[in-house]
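**Q** Next come the chains, spelled out residue by residue.
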Amino acid sequence: MKRRSSCDYPLMAFCGIIFFLLYIFQYTDNIPGSGSGTFPQLMLGASLFSGMFFGDKYGAIFGFFLGTFVDAVSAETLCYNGIMMMLIGYFGGVAVQRLINNNFRSAILLIFISAVIYYFGIWSIMHFNVVRLKAEIFRSLFLTVLFSLPIYALLYFAVKLRKKQLMKRG
Amino acid sequence: MRFFLRSKRFKIICGITAGLIALSIVLRLIGGVIAPQASILGAVAQPFRSVATYFSNKIDDFKTKYYTGDQLLKENQKLQSRLDELTSQVVDYNDLKKENDFLKNFLEIKEKHKDWKFESATLISRDHGASGASFTINKGSVNGVAARDPVITSSGLVGYITEVGPSYSKVTTILSENIHVGGLDYRTSDVGVVSGDAKYVKKGQCVLKNLPRSCSVALNDIVVTVGGEIFPEGLVIGTIESISSDESQTAITAVLKPGTDISEIRDVMVLTYFEGQGTLDKK
Chain F
1 MKRRSSCDYP
11 LMAFCGIIFF
21 LLYIFQYTDN
31 IPGSGSGTFP
41 QLMLGASLFS
51 GMFFGDKYGA
61 IFGFFLGTFV
71 DAVSAETLCY
81 NGIMMMLIGY
91 FGGVAVQRLI
101 NNNFRSAILL
111 IFISAVIYYF
121 GIWSIMHFNV
131 VRLKAEIFRS
141 LFLTVLFSLP
151 IYALLYFAVK
161 LRKKQLMKRG
Chain Z
171 MRFFLRSKRF
181 KIICGITAGL
191 IALSIVLRLI
201 GGVIAPQASI
211 LGAVAQPFRS
221 VATYFSNKID
231 DFKTKYYTGD
241 QLLKENQKLQ
251 SRLDELTSQV
261 VDYNDLKKEN
271 DFLKNFLEIK
281 EKHKDWKFES
291 ATLISRDHGA
301 SGASFTINKG
311 SVNGVAARDP
321 VITSSGLVGY
331 ITEVGPSYSK
341 VTTILSENIH
351 VGGLDYRTSD
361 VGVVSGDAKY
371 VKKGQCVLKN
381 LPRSCSVALN
391 DIVVTVGGEI
401 FPEGLVIGTI
411 ESISSDESQT
421 AITAVLKPGT
431 DISEIRDVMV
441 LTYFEGQGTL
451 DKK
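Protein chains in written order, with this note's numbering: chain F, 1 to 170; chain Z, 171 to 453.
Errors might be hidden in some of the hints.
Covered stretches of chain Z (chain F as the covering partner; in silico rule of three or more C-beta atoms under 8 Å from a C-beta of chain F) [claimed, not checked]:
#1 174-183
#2 312-326
Restraint ranges, calculated between C-beta atoms of paired labels, are given here [unchecked claim]:
#3 Z:411 to F:18: 42 to 48 Å
#4 F:121 to Z:181: 32 to 38 Å
#5 F:165 to Z:188: 36 to 42 Å
#6 F:104 to Z:180: 35 to 41 Å
#7 Z:176 to F:161: 21 to 27 Å
#8 F:17 to Z:176: 33 to 39 Å
#9 F:17 to Z:179: 21 to 27 Å
#10 F:17 to Z:348: 45 to 51 Å
#11 F:25 to Z:431: 35 to 41 Å
#12 Z:230 to F:17: 24 to 30 Å
Hints listed in this document are in silico derivations from the structure and should not be mistaken for laboratory results. No experiment lies behind these values; they were computed from the predicted model shown. Note that CB positions come from ideal geometry on N, CA and C, so glycine has one too.
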């Protein structure tokens with residue numbers, strides 16, 4: 001059942017740049033539906049899908065760096081995002097290598113599970129005493145799942161194109 | 171499964187996770203410090219965030235112009251300034267003496283504190299997860315900014331610096347539940363604690379809690395800082411918008427509209443020095 005992970009450095013560098021641009025974009029108040037405490041965490045999807053496409057090792061590395069970038073601007077989370085996204089990237093890779101296929105349905109399932117764990121962590125660690133923030137967290141969870149799927153599609157087509165390119169080169 | 175749990179990679183991941191958790195606990199105990207890895211990556215991303223924020227603001231301005239039209243925007247600005255002027259005049263006519271005393275006292279404060287040192291800063295990103303209760307500015311320890319420095323605008327108190335990186339800092343605003351500022355009703359001298367409240371954060375309001383039941387605070391009263399090691403005395407926090415008893419019926423709570431609209435802030439001033447400032451986290 002165990003599958004080998006791909007290790008294409010130019011492709012990973014390209015994805016790294018795309019993730020960094022997404023990271024910059026997500027803090028510019030221009031994401032539809034965000035505001036007033038509702039905020040999709042695009043880096044969560046980026047970490048998970050890195051694991052799914054590049055394997056557990058690179059998923060963990062991407063997750064750690066993206067999470068740390070998020071930690072750099074988050075209030076009072078310290079290393080929470082770094083830890084969480086590293087684990088999500090890692091287990092995303094493990095899941096695809098050992099348990100499920102890498103397809104759109106798996107992506108929906110895994111991003112939903114990851115977002116639930118991630119936001120439950122945020123709620124329980126930081127806002128457990130603020131009942132009213134529950135609604136914002138549910139909306140954020142929904143937006144995270146929704147906006148993460150185009151990232152999966154982007155990675156899927158980038159990997160596909162790259163494979164074609166490599167095949168042409170022989 | 172057993173093989174997976176015994177794999178070298180899994181053990182490395184567990185080790186890094188444990189290390190990061192330990193680091194978080196240590197940094198939480200120290201307080202006021204950004205995790206080193208976040209500090210480095212934050213510094214790398216800071217110029218890009220500044221550029222992105224600049225373009226984002228430009229896009230916002232463009233959208234406003236597109237939807238409302240240039241003329242309406244100008245007219246709106248004109249009417250807004252006229253409205254501000256008239257509101258200000260109404261306040262003057264209603265309570266001229268009080269206003270004079272108030273301004274006189276503030277002038278005295280300004281004259282008395284010529285030694286206050288400021289560092290101007292620009293907002294580079296908001297932490298949306300905290301409902302606008304915190305944001306990041308583009309000045310850090312290399313600019314002389316330190317943890318617990320007050321952050322203000324010309325309209326009043328915004329919050330204070332909670333974490334400092336080399337080229338950026340995190341600001342916790344008065345909308346946050348984690349901030350506790352001594353607040354004084356300028357008219358009645360009643361003292362309470364200003365803090366954020368999840369119930370009001372969406373409306374951009376905060377609360378003045380723990381006022382004694384015998385207090386005589388009223389609507390539209392101005393609340394200023396009591397003063398201490400973190401905040402200097404007399405900074406405007408906001409005006410009282412509503413008053414109610416707290417749940418235990420033992421104290422009064424007033425809802426404040428901050429002097430500064432925190433959701434619209436772009437530029438702030440960091441008060442890097444004032445007399446009596448605590449030296450706990452200073453350079």
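**Q** Range first: 36 to 42 Å. Now tell me if the beta carbons of residue 165 of chain F and residue 188 of chain Z are that far apart.
**A** Holds - the Cβ-Cβ distance for residue 165 of chain F and residue 188 of chain Z, about 41 Å, lies within 36 to 42 Å.
**Q** So does residue 25 of chain F sit 35 to 41 Å from residue 431 of chain Z, Cβ to Cβ?
**A** violated (25 Å)
**Q** Counting residues of the stretch 174-183 of chain Z whose CB is closer than 8 Å to a CB in chain F, do you get three or more?
**A** Contact hint for the stretch 174-183 of chain Z vs chain F: holds, 3 residues under 8 Å.
**Q** Could you see if the CB distance from residue 17 of chain F to residue 179 of chain Z stays within 21 to 27 Å?
**A** Check passed, 26 Å falls within 21 to 27 Å.
**Q** I want to verify a distance hint. Is the separation of the beta carbons of residue 104 of chain F and residue 180 of chain Z within 35 to 41 Å?
**A** Violated, since residue 104 of chain F and residue 180 of chain Z (Cβ atoms, about 28 Å apart) do not stay within the stated range.
**Q** Could you see if the CB distance from residue 17 of chain F to residue 176 of chain Z stays within 33 to 39 Å?
**A** holds (36 Å)
**Q** Has the stretch 312-326 of chain Z got at least three residues whose CB is nearer than 8 Å to a CB belonging to chain F?
**A** violated (count 0)
**Q** Quick check: does the Cβ-Cβ distance between residue 176 of chain Z and residue 161 of chain F fall within 21 to 27 Å?
**A** 38 Å Cβ-Cβ, so the 21 to 27 Å window is violated.
**Q** Evaluate the given range 32 to 38 Å for the C-beta pair formed by residue 121 of chain F and residue 181 of chain Z.
**A** Once the Cβ atoms are compared, 23 Å apart, the range 32 to 38 Å for residue 181 of chain Z and residue 121 of chain F is violated.
**Q** Mind checking the hinted window 42 to 48 Å against the Cβ distance between residue 411 of chain Z and residue 18 of chain F?
**A** holds (45 Å)
**Q** Falls inside 45 to 51 Å, the C-beta gap from residue 17 of chain F to residue 348 of chain Z?
**A** violated (35 Å)
**Q** Does 24 to 30 Å hold as the CB distance between residue 230 of chain Z and residue 17 of chain F, or does it fail?
**A** Taking Cβ atoms as reference, residue 230 of chain Z and residue 17 of chain F lie about 25 Å apart, which means the hint holds.
The structure shown violates the earlier hints numbered 2, 4, 6, 7, 10 and 11.
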